[in-house]
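Based on the hints, put chain Z in the right spot on chain V.
Chain by chain, the residues run as shown.
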Amino acid sequence: DSGVTQTPKHLITATGQRVTLRCSPRSGDLSVYWYQQSLDQGLQFLIQYYNGEERAKGNILERFSAQQFPDLHSELNLSSLELGDSALYFCASSPSGRANYGYTFGSGTRLTVV
Amino acid sequence: AQTVTQSQPEMSVQEAETVTLSCTYDTSESDYYLFWYKQPPSRQMILVIRQEAYKQQNATENRFSVNFQKAAKSFSLKISDSQLGDAAMYFCAYRVQDTDKLIFGTGTRLQVFP
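Note that the protein sequences, when read in sequence, are chains V and Z. Just so we're aligned: 65 in my numbering is position 65 of the first sequence, and the numbers increase by one with no gaps anywhere. With positions in the second sequence counted from 1, the corresponding number in my numbering is that position plus 1000.
Think of the hints as simulated: they come from the structure by calculation, not from any bench. Just so you know, even glycine gets a beta-carbon here, dropped at the ideal spot from N, CA and C. Treat the hints with care, since some could be wrong.
Stated by the list, open to error - Non-contacting residues of chain Z with respect to chain V, defined by C-beta distances greater than 10 Å in every case (computed):
#	residue
1	SER1012
2	THR1020
3	THR1024
4	TYR1025
5	THR1027
6	GLN1057
7	ASN1058
8	ASN1067
9	GLN1069
10	LYS1070
11	PHE1113
What the hints assert, rightly or not - Quick list of simulated restraints, FRET-style, between CB atoms:
#	chain 1	residue 1	chain 2	residue 2	range
12	Z	ASP1026	V	ASN59	43 to 53 Å
13	Z	SER1074	V	ASN100	14 to 24 Å
14	Z	SER1028	V	ASN59	14 to 24 Å
15	Z	ARG1043	V	ASN77	16 to 26 Å
16	V	ARG18	Z	ASP1081	45 to 55 Å
17	V	GLY28	Z	GLN1097	32 to 42 Å
18	Z	ALA1001	V	PRO95	21 to 31 Å
19	Z	SER1030	V	ARG18	40 to 50 Å
20	V	SER80	Z	LYS1055	39 to 49 Å
If we strip away everything but chain Z, and leave its shape as in the complex, we get:
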């Protein structure tokens, strides 16, 4: 069965600095999708970025980018030029191919200091 692990329960960053959140996963599938979701204090789940496993190129969305290492089964999220509004819980998720469900990690709480 697939698993998703986020080993950093909490992280903090200074405003305008860069921070990287870690995620590892375990799977026997060769083609899959990975996601990062943001959950601010409002508790709404917001899709930040997605990565298709068969694509070598790391996904980028404005200040958010990923470092996808397929062989190492690692999928980290880099937030550049951090802003106060980036403070939230961040969840890494894996899409299971046959059932189409998303498996989530336990989350990393990101604090942003001015």
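Here chain V stands alone, though its shape is the one from the complex:
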């Protein structure tokens, strides 16, 4: 167990629907990062939060949004889902907003859009 908790582990939903992915960072970590990994591809950076504030944004679609709550857990909301959104979504965390030692990753949420 890495200490980063992602729920649910698997999600199957229909096109056009909306889902919420949840992430609890490792205890003491203030930064949360969201990544998307499509089938057999690398990880694409979506968004980063640090202590409740958005810090960096990647190629995140307008249909996607995220937030980090006062207890530091984060949620990634995906709406108007399309087949191409099927992917593994990772959450990662790091202490104090500095990733000098890399991230600690959760086990991911596998989203399947049918």
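Relative to chain V, chain Z alone:
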């Protein structure tokens, strides 16, 4: 913008032998961090090793070591005494200094044969 390139989509090695995975990157930053992550079939992202750019000495973690050539912007991973459990996707990653996000390469799939 920083980029990370892994030119070997697949590699294979015999058990107990040594294999080297290649990674090159492009950046204008002078101080940065580089990482290798392992993704086994479980899909969990596991940090293997990190390298600080200002350190001349190559990082080593047990059977894993890097060959860091800063001028050439090369960061290869050497796995010695390969084991069946080393079979996985390996991702090279670069930490962007101002945003703190990690940029990943496309990965190298390593097969280990008995």
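So GLN1057(Z) supposedly isn't at the interface. Is its beta-carbon more than 10 Å from every beta-carbon in chain V? 16 Å, holds
Beyond 10 Å from each Cβ of chain V, as asserted for THR1024(Z): At roughly 15 Å from the nearest Cβ of chain V, THR1024(Z) sits farther out than 10 Å, so the non-interface label holds.
Outcome for the supplied range 45 to 55 Å, where the beta carbon pair is ARG18(V) and ASP1081(Z): 49 Å, holds
Beyond 10 Å from every Cβ of chain V: is that where the Cβ of SER1012(Z) lies? Given a closest Cβ separation of 17 Å, the condition holds.
Please verify that the nearest CB of chain V lies beyond 10 Å from THR1027(Z)'s CB. 15 Å, holds
Quick check on a hinted range of 21 to 31 Å for ALA1001(Z) and PRO95(V), using CB atoms only. 26 Å, holds
Can you let me know if the beta-carbon spacing of SER1028(Z) and ASN59(V) is within 14 to 24 Å? 21 Å, holds
Quick one: work out the minimum CB distance from ASN1067(Z) to chain V and report holds if it exceeds 10 Å, violated otherwise. 19 Å, holds
So the hint says 32 to 42 Å: do the beta-carbon atoms of GLY28(V) and GLN1097(Z) match that? The hint (32 to 42 Å, Cβ to Cβ) is violated, given that GLY28(V) and GLN1097(Z) are roughly 23 Å apart.
Interface exclusion of THR1020(Z) relative to chain V, criterion Cβ beyond 10 Å: 20 Å, holds
Distance rule for PHE1113(Z), whose beta carbon must clear each one in chain V by more than 10 Å: 21 Å, holds
So is TYR1025(Z) really clear of chain V, every C-beta pair being over 10 Å apart? At roughly 13 Å from the nearest Cβ of chain V, TYR1025(Z) sits farther out than 10 Å, so the non-interface label holds.
Checked against the numbered hints above, the structure breaks hints 12 and 17 and satisfies the rest.
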